[in-house]
Amino acid sequence: MSDCKKCRTLFSDLLYGELESGQKQFLENHLQDCPKCKSELDELTAAVRFMEGRIRPEQGQSFWDDYWCRLTKRMKKENVFKPIKEKWLDVLIRRMQIYPRWTYQSAAAIVLIVIGIFIGRVLFSPSVINVSHVISSEDASQIGPDIQLIQRTHNYIERSKLMLLAVVNFDPETEDPFVLDLPYQQQVSRELVQEAGWLKKELAGFRQRRMQELIVDLEVILLQIANLESEPDMSVIKMIKDGVESRGILLKMNLADIRRSSNKKNKYKSF
Amino acid sequence: MEENEQNIVDRICQGNKEAFQELVERYKKKIYFLAYDILGDHHEAEDISQEVFIKVFRSLKNFRRHSKMSSWIYQITTNSCIDALRKRKSKPKISLGDFNHISIKNNVERGSTRIQNPELSADASIMQRRIQNALYEVTPRERAVFMMRHYNDLEIKEIAEVLNVSSGTVKSMLFRALNKLRKELSIHRGRSAMEGNYE
Chain A
1 MSDCKKCRTL FSDLLYGELE SGQKQFLENH LQDCPKCKSE LDELTAAVRF MEGRIRPEQG
61 QSFWDDYWCR LTKRMKKENV FKPIKEKWLD VLIRRMQIYP RWTYQSAAAI VLIVIGIFIG
121 RVLFSPSVIN VSHVISSEDA SQIGPDIQLI QRTHNYIERS KLMLLAVVNF DPETEDPFVL
181 DLPYQQQVSR ELVQEAGWLK KELAGFRQRR MQELIVDLEV ILLQIANLES EPDMSVIKMI
241 KDGVESRGIL LKMNLADIRR SSNKKNKYKS F
Chain B
1 MEENEQNIVD RICQGNKEAF QELVERYKKK IYFLAYDILG DHHEAEDISQ EVFIKVFRSL
61 KNFRRHSKMS SWIYQITTNS CIDALRKRKS KPKISLGDFN HISIKNNVER GSTRIQNPEL
121 SADASIMQRR IQNALYEVTP RERAVFMMRH YNDLEIKEIA EVLNVSSGTV KSMLFRALNK
181 LRKELSIHRG RSAMEGNYE
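Taken in sequence, the protein lines are chains A and B. Quick note: the first sequence, position 136, residue 136 per the working numbering, numbers continuous. Quick note: the second sequence, position 161, residue 161 per the working numbering, numbers continuous.
Worth flagging that the hints you see were computed from the coordinates, not collected in a lab. Keep in mind the model is a prediction, meaning the values are calculated, not measured. The C-beta atom is built at its ideal place from N, Cα and C for all residues, glycine as well. Treat each hint with caution, since some may be false.
Simulated restraints on C-beta separations [unchecked claim]:
no., chain 1, residue 1, chain 2, residue 2, range
1, A, 99, B, 17, 45 to 53 angstroms
2, A, 99, B, 87, 52 to 60 angstroms
3, B, 5, A, 9, 35 to 43 angstroms
4, B, 157, A, 36, 29 to 37 angstroms
5, B, 183, A, 35, 14 to 22 angstroms
6, A, 35, B, 83, 38 to 46 angstroms
7, B, 183, A, 99, 14 to 22 angstroms
8, B, 183, A, 74, 52 to 60 angstroms
9, B, 67, A, 56, 42 to 50 angstroms
10, A, 9, B, 153, 19 to 27 angstroms
11, A, 23, B, 153, 19 to 27 angstroms
12, B, 83, A, 52, 25 to 33 angstroms
Based on the sequences and whatever the hints tell you, model everything.
Listed below in structure tokens is the structure:
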């Protein structure tokens, strides 16, 4: 910044008596050497002096004496003195000003969080399956006869499966033939064959064709097991194994199981 | 805020009319003169000063107790005057007659012996008109600052508080106003010299 420019910035401080001693010294030195700045300062000082000659028109004493009367007259006209009926919102805001702003901000944040949690729980969380409710709803008195029949059929299939697996998984080369416990297998097979007869008839009434076919296939195999000799005949066991395999009985049993579980899931969802 | 003023404010808030009158008596001249200085018109100045007191009465409940009462009132006055100046389309006409009785009265108060001389009285009127005209060449805000400092004895710091600006800004506004006045007055001086009217 040139000295002249710096000098001009100090003019107002000089005129209004706010110049520091160091600045005063600088200004005095510069003004001695710079006639242009000096002339400008002289003009400014002259302008200030000239402006000081300004006179305000003096109002008479009566003007000031009547001032209050005129003011109150206007205030009455404009209904200023009338007590202002505050709106309920203004009253509320005024009362709320008792506490600092941060308390309301914190309260609002907490309310928002609670609402968010509530909405999240109600709308977006997966529905909880009330197993106890499902089980109780399956009470025999409330379940229809078709469901009871299907349950019985599946129980039957489960028991038959255990039986078949024991026979099918039997390896005569590595295992002792007595491990198979044929008499027991035969007894269970006879019971299952008997039950198969009733189930077939009942399933025919409820149009459960797949189940019916599976029961027929199982009946054949179970009958073979029931008719086994007390001494294990490896050729017959092999025949049973081939029969299970060729008819795809284990696969059909597994499929029936899958269908059952999927039906169960759909049922739970509907709750 | 002074304790006394605090007391007045509390009483006004309780609906005490006498307290408000006390406040008006305390500030009426200051407000009127500041308004007159900025607006340059007696009727407008009175109107604005009344408006200021009405605003003060209405918003006293919202007044922040830690701030200075006078600064708050000056702030309302300045803003009202600047608004009035912005709304005004042309500057008020200043007649020579307005200043004739002023200058005579002023000379009497100063004990001047030259009062009898009508030529001097006319010169004083011309001078007042020149000052008033020069003041219309600065912006309303600059004029308000200049008037507060030169004719209402407000310190730079106080003006800064009134206008909500820094002291540096006030100083630069004052300098700008003064520079414009200097130029305006030198133009007038040149014209007067050419016309042979300048002393």
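(message) For each hint given before, does the structure comply? Return the numbers of the non-compliant ones in rising order.
(response) 1, 2, 7, 8 and 9
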